[in-house]
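The lines below spell out each chain.
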Amino acid sequence: MANWDWQVFCKNTIDGEVVSSCFGSGGDITYLDWMLSAWGWTAAVALFSLAVALVFGSLMGILRTTPSRGLVFLGNAWTELFRNIPLLVQIMLWYHVLPTLIPALKDVPSFLLVVAALGLFTSARISEQVRAGIQSLPRGQSMAALAIGFTLPQTYRYVLLPMAFRIIIPPLTSESMNIVKNSSVAFAVSISELTLFALQAQEETSRGIEIYLGVTALYFITAFAINRVLHFIEQRVQVPGLIAAGGK
Amino acid sequence: MNTKSIFSAALIVAALAATPALAQDSGTLKKIKDSGSATMGVRESSGGLSFTLGDGKFAGFHVDLCERVLADIRKQLGMSQMNIKFQPVTSQNRIPLMQNGTIDIECGSTTNNAARQKDVAFAVTTFVEEVRIAVKANSGITSIGQLNGRNVATTTGTTSVQLLRKHERANGVDFKEVFGKDHADSFLLLESGRADAFVMDSQILAGLIAKSKTPGDYKIVGEILNVEPINIMMRKDDPAFKKAVDDSLIKLMKSGEIAKIYDKWFMQPIPPANVRIGLPASEATRAAWANPNDKPAEDYAKK
Numbered sequence: 001m002a003n004w005d006w007q008v009f010c011k012n013t014i015d016g017e018v019v020s021s022c023f024g025s026g027g028d029i030t031y032l033d034w035m036l037s038a039w040g041w042t043a044a045v046a047l048f049s050l051a052v053a054l055v056f057g058s059l060m061g062i063l064r065t066t067p068s069r070g071l072v073f074l075g076n077a078w079t080e081l082f083r084n085i086p087l088l089v090q091i092m093l094w095y096h097v098l099p100t101l102i103p104a105l106k107d108v109p110s111f112l113l114v115v116a117a118l119g120l121f122t123s124a125r126i127s128e129q130v131r132a133g134i135q136s137l138p139r140g141q142s143m144a145a146l147a148i149g150f151t152l153p154q155t156y157r158y159v160l161l162p163m164a165f166r167i168i169i170p171p172l173t174s175e176s177m178n179i180v181k182n183s184s185v186a187f188a189v190s191i192s193e194l195t196l197f198a199l200q201a202q203e204e205t206s207r208g209i210e211i212y213l214g215v216t217a218l219y220f221i222t223a224f225a226i227n228r229v230l231h232f233i234e235q236r237v238q239v240p241g242l243i244a245a246g247g248k
Numbered sequence: 001m002n003t004k005s006i007f008s009a010a011l012i013v014a015a016l017a018a019t020p021a022l023a024q025d026s027g028t029l030k031k032i033k034d035s036g037s038a039t040m041g042v043r044e045s046s047g048g049l050s051f052t053l054g055d056g057k058f059a060g061f062h063v064d065l066c067e068r069v070l071a072d073i074r075k076q077l078g079m080s081q082m083n084i085k086f087q088p089v090t091s092q093n094r095i096p097l098m099q100n101g102t103i104d105i106e107c108g109s110t111t112n113n114a115a116r117q118k119d120v121a122f123a124v125t126t127f128v129e130e131v132r133i134a135v136k137a138n139s140g141i142t143s144i145g146q147l148n149g150r151n152v153a154t155t156t157g158t159t160s161v162q163l164l165r166k167h168e169r170a171n172g173v174d175f176k177e178v179f180g181k182d183h184a185d186s187f188l189l190l191e192s193g194r195a196d197a198f199v200m201d202s203q204i205l206a207g208l209i210a211k212s213k214t215p216g217d218y219k220i221v222g223e224i225l226n227v228e229p230i231n232i233m234m235r236k237d238d239p240a241f242k243k244a245v246d247d248s249l250i251k252l253m254k255s256g257e258i259a260k261i262y263d264k265w266f267m268q269p270i271p272p273a274n275v276r277i278g279l280p281a282s283e284a285t286r287a288a289w290a291n292p293n294d295k296p297a298e299d300y301a302k303k
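Here the protein sequences come in this chain order: Z and U.
Last residue of the first sequence: 248 (my numbering), numbering continuous.
Last residue of the second sequence: 303 (my numbering), numbering continuous.
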């Protein structure tokens with residue numbers, strides 16, 4: 001369709017009339033207001049899930065490199081469980097299946113369920129990266145640390161993790177950007193985020209192309225902003241001469 | 001990314017935007033005659049109106065009507081045979097696919113409203129949808145007034161979402177809306193108790209209840225929240241084709257044949273599961289058959 005109609009974003013969501021300021025007032029909202037609030041939901045789902053994913057992913061990744069067989073098994077089982085089930089299926093399990101087994105979950109807001117589902121799904125992928133990062137270090141590093149009297153936790157804290165995390169910043173960047181895009185599955189459990197907005201607003205306005213272009217731009221901006229932030233962190237924490245982390 | 005690549009990307013976008021919709025001067029009748037085939041846009045799952053039987057086969061009230069219409073057109077054009085192709089469409093792509101010529105006639109569940117009449121044309125109204133409320137039979141809910149502050153399910157990407165919003169605004173009530181990703185999902189919300197009511201087109205509600213594990217546990221209650229004409233859709237500005245389709249449909253309406261076809265899809269058991277939807281033709285639907293017209297939804301709302 002050659003005839004764009006960008007005014008669609010300025011329309012009131014109740015009566016479809018164009019509002020001159022493009023922002024609603026007095027309880028009325030325009031499609032632009034709605035899209036920005038949807039952007040907020042997308043960002044909230046993505047950031048909370050990322051926090052969950054980093055905590056559990058790092059923990060499980062570390063467990064998988066410890067000398068204890070039991071801990072390695074726990075970490076491996078966790079990773080395989082969450083990465084072998086499709087994301088949308090996991091969301092449905094959290095939302096529809098688990099509450100029938102544990103009735104208390106019925107009252108948990110769907111936002112928390114989706115953060116748990118997306119966070120744990122991504123934690124499996126981060127766990128794999130953390131494990132790879134630690135195992136890429138020469139074995140002599142941890143042996144030397146233990147030999148000079150560090151305990152195992154101290155070895156991880158002061159020797160292994162500072163290097164491993166620097167090494168895995170590039171894949172972590174991709175994963176953080178993925179979480180923004182994967183957050184679109186939240187529409188399936190009634191989170192009013194960008195994808196739900198797009199599906200709904202294009203139906204109401206019959207202006208799907210403009211709506212989807214707007215939503216695409218916001219997804220791109222969000223993912224790209226995360227890319228820039230992590231790139232900044234990568235440069236700030238780089239140690240000259242350290243393997244892989246240097247670059248130049 | 002350098003400036004040059006951004007510039008060329010912008011050029012591509014501009015070129016795409018500038019491409020005009022496929023020329024429509026030839027007319028659909030000529031297209032059908034020249035190609036010896038017609039492409040019918042159909043839905044995978046639109047209740048008894050249009051649904052898949054699997055294996056690339058489609059059926060339903062509107063599909064049935066379209067097959068009869070196309071048979072009439074075949075005779076009118078003096079063609080010995082016509083190859084009818086099915087093209088599944090969604091509510092997102094049905095209008096673009098109609099405009100670019102991928103489909104010639106859409107036989108699904110498209111609401112005829114003023115906004116869409118700017119882009120496409122509609123045949124005379126063959127079905128009038130009423131939006132109503134499905135609840136659990138033992139819930140004691142009998143009216144939308146009782147839903148204030150309760151969880152109300154509906155499906156993302158349907159006009160019912162907007163309808164609920166307007167209702168809240170107009171009556172100062174507050175629903176806790178839960179959006180299912182499709183109708184089956186919304187029904188699951190009602191079934192599992194996450195929602196107290198499911199607001200949707202009555203033929204979809206009736207179909208979902210009929211197919212549920214325990215149809216006796218649910219009922220459709222309350223006032224009619226909205227009335228929308230559901231029409232067979234065609235390309236805009238093609239009066240010859242519209243006349244051919246309308247004439248054929250009006251013939252079915254005048255002879256009373258359309259009521260029998262309706263009965264077949266909404267009152268008798270239908271494939272693939274052989275359940276019956278059990279939704280008699282509404283007052284408004286029968287009025288549309290008695291006085292064939294293609295008025296948009298806005299005209300129904302005024303009444």
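No lab work stands behind these hints, which were simulated from the structure alone.
There's no promise every hint is true.
Claimed, not checked - Derived DSSO-like pairs (lysine-lysine); straight-line CA-CA distance at most 27 Å:
{"hint": "1", "chain 1": "U", "residue 1": "Lys176", "chain 2": "Z", "residue 2": "Lys106"}
{"hint": "2", "chain 1": "U", "residue 1": "Lys219", "chain 2": "U", "residue 2": "Lys118"}
{"hint": "3", "chain 1": "Z", "residue 1": "Lys106", "chain 2": "U", "residue 2": "Lys213"}
{"hint": "4", "chain 1": "Z", "residue 1": "Lys106", "chain 2": "U", "residue 2": "Lys136"}
Here the structure is a predicted model, which is why all the values come from computation and not from measurement.
Evaluation of the provided hints:
| no. | hint | verdict |
| --- | --- | --- |
| 1 | Lys176(U) with Lys106(Z) | holds, 15 Å |
| 2 | Lys219(U) with Lys118(U) | violated, 37 Å |
| 3 | Lys106(Z) with Lys213(U) | holds, 22 Å |
| 4 | Lys106(Z) with Lys136(U) | holds, 18 Å |
Hint 2 from the earlier list is the only one contradicted by this structure; the remaining hints agree with it.
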